[in-house]
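Given chain A, work out where chain B should sit, using these hints.
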Amino acid sequence: MANAFIRWFDERVPGLAPVYRKHMTEYYAPKNFNLWYYFGSLALLVLVNQILTGIFLTMNYDPSATGAFDSVQYIMRDVEWGWLIRYMHTTGASLFFVVVFLHMFRGLLYGSYKKPRELVWVLGMLIFLALMAEAFMGYVLPWGNMSFWGAKVITSLFGTVPVIGKGLEQWIVGDYLPADATLNRFFALHVIALPLVLLLLVVLHLAALHEVGSNNPDGVDVKHGPKGNRWDPLKPADAIPFHPYYTVKDLVGVGVFLIVAAFIIFFAPTFGGWFLEHDNSIRANNLVTPAQIKPVWYFTAFYAIVRMVPSFAGTAVWGVIAMFGSIALLFALPWIDVGKVKSIRYRGTGYKVALTVFVISFFSLMLIGMDLTDTLFPKIFGSDIDITTWDNVFGRIMTVAYFGFFVFLWLYTHLGWEKTKPVPERVTTHD
Amino acid sequence: MTKRLISIVLLGLGLLAGSASAWAEGPELPAAGNNLRDQASLQRGAHLFFNYCVGCHSLKYLRYSRMAQDLGLTEQEVLKDLDFTGARFDDPVITHMPATVASKAFGKVPPDLSLEVSAKGADWVYAYLNSFYLDPKSPIGWNNTILPNAAMPFPLWKLQGEQTAVMGKDGKTVEKLQLSHPGEMTPAQYRQATRDLVNFLAYASEPAALQRRKYGVWVILFLVLFTFLAYLVKKEYWKDVH
Chain A
1 MANAFIRWFD
11 ERVPGLAPVY
21 RKHMTEYYAP
31 KNFNLWYYFG
41 SLALLVLVNQ
51 ILTGIFLTMN
61 YDPSATGAFD
71 SVQYIMRDVE
81 WGWLIRYMHT
91 TGASLFFVVV
101 FLHMFRGLLY
111 GSYKKPRELV
121 WVLGMLIFLA
131 LMAEAFMGYV
141 LPWGNMSFWG
151 AKVITSLFGT
161 VPVIGKGLEQ
171 WIVGDYLPAD
181 ATLNRFFALH
191 VIALPLVLLL
201 LVVLHLAALH
211 EVGSNNPDGV
221 DVKHGPKGNR
231 WDPLKPADAI
241 PFHPYYTVKD
251 LVGVGVFLIV
261 AAFIIFFAPT
271 FGGWFLEHDN
281 SIRANNLVTP
291 AQIKPVWYFT
301 AFYAIVRMVP
311 SFAGTAVWGV
321 IAMFGSIALL
331 FALPWIDVGK
341 VKSIRYRGTG
351 YKVALTVFVI
361 SFFSLMLIGM
371 DLTDTLFPKI
381 FGSDIDITTW
391 DNVFGRIMTV
401 AYFGFFVFLW
411 LYTHLGWEKT
421 KPVPERVTTH
431 D
Chain B
1 MTKRLISIVL
11 LGLGLLAGSA
21 SAWAEGPELP
31 AAGNNLRDQA
41 SLQRGAHLFF
51 NYCVGCHSLK
61 YLRYSRMAQD
71 LGLTEQEVLK
81 DLDFTGARFD
91 DPVITHMPAT
101 VASKAFGKVP
111 PDLSLEVSAK
121 GADWVYAYLN
131 SFYLDPKSPI
141 GWNNTILPNA
151 AMPFPLWKLQ
161 GEQTAVMGKD
171 GKTVEKLQLS
181 HPGEMTPAQY
191 RQATRDLVNF
201 LAYASEPAAL
211 QRRKYGVWVI
221 LFLVLFTFLA
231 YLVKKEYWKD
241 VH
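Top to bottom, those sequences are chains A and B. Those letters in the first sequence? Residues 1 to 431, per this note's numbering, in order. Those letters in the second sequence? Residues 1 to 242, per this note's numbering, in order.
Don't take each hint at face value.
Using 25 Å as the maximum straight-line C-alpha spacing, the simulated BS3-like pairs for lysine-lysine come out as follows [claimed, not checked]: (1) B:K239 - A:K235; (2) A:K235 - B:K80; (3) A:K340 - A:K421.
Residues on chain B that point at chain A, a partial pick, calculated with CB under 8 Å [said to hold, decoys possible]: (4) Y52; (5) C53; (6) A119; (7) G121; (8) P207; (9) G216; (10) V224.
Hints listed in this document are in silico derivations from the structure and should not be mistaken for laboratory results. C-beta atoms are modelled at their ideal positions from N, C-alpha and C, and glycine is treated no differently.
Chain A on its own, in the form it takes in the complex:
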């Protein structure tokens, strides 16, 4: 019966089964994936969660300056399971960035952006960019006071562009201040335009990956290794079919991830004010500024760079250029780092040190963006220090460290300073 059904389909859409085989049962992935390789499939899981919960939120949300705030409370109180749907969406947004940051860091650890996977990396970076826009627009929709002032600050970044800045800002906002028109367009972009872009990019990201094959913690190209495994004499000996091996393995990762997510959703949905900010429980008010205006945690490192770059020549655009530059440099990583060895396991000490400094600089910039250094520094160095000066000195050192990573990497690999270890012929471990 089932076979007859499958045959019926196969006669009519003969292309379907080969696609399934190409991407699942006959997609051969290296057998030595470790913990870092869970985050790609988890990102896909969160994307599906955001779309599904988003559909149900859209049914009850009112995208108007007068109705938005009330409709969120309506969802939280009167819509059946509305609170669960909303918390799944808000927690999903933050966890999306957690898994995407870890997924990107995996690329840095094992050189997943290097030849022949440059396009996979660039498409991934485009996903990251689209995700940032998606998250920012979504953050504005509840129309709380932090939504409003966040929107004001972020859109005013465009206002720093010389000559056309003010006009550009008004064109984006659709008013002099974030208002009904802003909310309407952000809603349209958040629920339809950017999700379409994201989905398309994810399809391309996976298509590009499956064309060249997955990297692995050893950075060994299994396609160039010995051939022949249990399933196919022509396929790499060190690879196994994605389905069922990695589907069942990823299922364990999904389980662990969902336990963490459920803990947040059910017991700490605001996550101490980091995932859902306290000031967003106050309706948007253009006359009352929150005590501290800061972006939601996943933007803080980039926001800190804007703050740390001083304005000169009569314009503050340099900070904005630096912020976009900090992301643009990541796009260019495959051409900045031309070292032949991929995995950190066999790279030179210089790379290990540089990556450590890069991670420290990123976390430090996050601390500054979150305004946590304001309480941290007086605790460490005494309460009589000048916090602004300390913040600026520390922040500027860390900004230089962030950009220094890319400069160092270029010099290190282009000038041949790197002393690498021998890379093994075959993958070494699996778990």
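Just chain B now, kept in the frame of chain A:
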């Protein structure tokens, strides 16, 4: 193995960041110590709210019927003991004071308190309710150390009594408050009463909190079982990968 340890540490760090305070800096506040699972406390808090607060403040996102269900009260009890505005059982809690009258009396419309605890925190509201003092310089006769020059008079004065300020050496900042006229309650009773009131307002800020705590345990237990089974399946499948 060390790599795995590093990864776990990194994940843990992310979670740790969440425990850092996201409140704007201000004076350290004593903990409100309220407990949403204490239904008797929620009921006492509701009684205080409807006897002392609803005259000026609304809870426009909370319905009487929802409150009855969550606090274990019957429709009769709510309509008789708490609903003094003649609202219907399914109506939201709206004060009877017209906005025009309120702004004439206080200079501003008293805020809706539906989301007060979400916005300010339970500790802040608790501290606020314990920090009123007599201030002859204030037009309403009262002032507050947590929210200086608040437009709100102190409706609970009969319960707490009257506090007066002990000024610091500069004569401008309030060093501490002392009870100059005792009220109907002892200081300990009053603190408990305000704790109950804060507890009720915390509930009003997020009625779903009662549900999510109830279901959360079961969801996580299910997920632990699911993960364990998934792990066994994975182990079985991966037996032949060498």
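Restraint check for K239 of chain B with K235 of chain A, where alpha carbons must lie at most 25 Å apart: 20 Å, holds
Restraint outcome when Y52 of chain B is required to lie within 8 Å of chain A by C-beta distance: 23 Å, violated
K340 of chain A paired with K421 of chain A [C-alpha distance capped at 25 Å]: 11 Å, holds
Residue hint C53 of chain B, partner chain A, criterion CB-CB below 8 Å: Violated, because the Cβ-Cβ distance from C53 of chain B to chain A comes to roughly 18 Å (cut-off 8 Å).
Satisfaction of the G216 of chain B interface hint, Cβ to chain A closer than 8 Å: Holds. Min distance 3 Å.
Hint consistency between K235 of chain A and K80 of chain B [alpha-carbon to alpha-carbon, up to 25 Å]: Answer violated: K235 of chain A to K80 of chain B is near 78 Å, above 25 Å.
Agreement of hint G121 of chain B with chain A interface, Cβ distance less than 8 Å: 7 Å, holds
Interface hint status, P207 of chain B versus chain A (Cβ within 8 Å): Status holds, d = 6 Å.
When the least beta-carbon distance from A119 of chain B to chain A is tested against 8 Å, hint result: Holds: closest Cβ of chain A sits about 4 Å from A119 of chain B, inside 8 Å.
Residue hint V224 of chain B, partner chain A, criterion CB-CB below 8 Å: 6 Å, holds
The structure fails to meet hints 2, 4 and 5 from the earlier list, while all remaining hints are met.
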